[in-house]
Amino acid sequence: MQAYEELKQLVAEIEADINKAEGGNKAAGTRVRKQMQMIKQAAQNVRNKVLEIRSTD
Numbered sequence: 002m003q004a005y006e007e008l009k010q011l012v013a014e015i016e017a018d019i020n021k022a023e024g025g026n027k028a029a030g031t032r033v034r035k036q037m038q039m040i041k042q043a044a045q046n047v048r049n050k051v052l053e054i055r056s057t058d
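The opening residue of the sequence shown carries number 2 in the numbering used here; numbering runs sequentially from there.
I should point out that these hints are in silico values taken from the structure, not numbers from a laboratory.
Some hints here could point you the wrong way.
In the DSS-like style, the derived pairs of lysine-lysine whose C-alpha atoms are separated by at most 27 Å in a straight line are [said to hold, decoys possible]:
#	residue 1	residue 2
1	Lys9	Lys41
2	Lys50	Lys35
3	Lys41	Lys21
4	Lys21	Lys50
5	Lys27	Lys50
6	Lys41	Lys27
7	Lys35	Lys9
8	Lys9	Lys27
9	Lys9	Lys21
Remember, predicted model here, so these are calculated numbers, not experimental data.
Assemble the whole structure, with the sequences as input and the hints as a guide.
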């Protein structure tokens, strides 16, 4: 499922910035928050795709 692969990619991309944000880097924290919003939207897309698959059965 393409939507799930996009979600996994977004999560993988954010790892370095999370480590930087834990170290006190404020700019990295801002990037993390922005990326988390994108992850939230991607997760919603996965949920919608699963519902579509389930409703066609």
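The hints, checked one at a time:
1. Lys9 - Lys41: holds (12 Å)
2. Lys50 - Lys35: holds (23 Å)
3. Lys41 - Lys21: holds (21 Å)
4. Lys21 - Lys50: This hinted pair is violated, its Cα atoms lying about 33 Å apart.
5. Lys27 - Lys50: violated (35 Å)
6. Lys41 - Lys27: holds (21 Å)
7. Lys35 - Lys9: Since the Cα atoms of Lys35 and Lys9 sit roughly 16 Å apart, the hinted pair holds (cutoff 27 Å).
8. Lys9 - Lys27: Judged against 27 Å, a Cα distance of about 24 Å means the pair holds.
9. Lys9 - Lys21: Cα-Cα ~20 Å, so holds.
Against the hints set out earlier in the document, violations occur for numbers 4 and 5.
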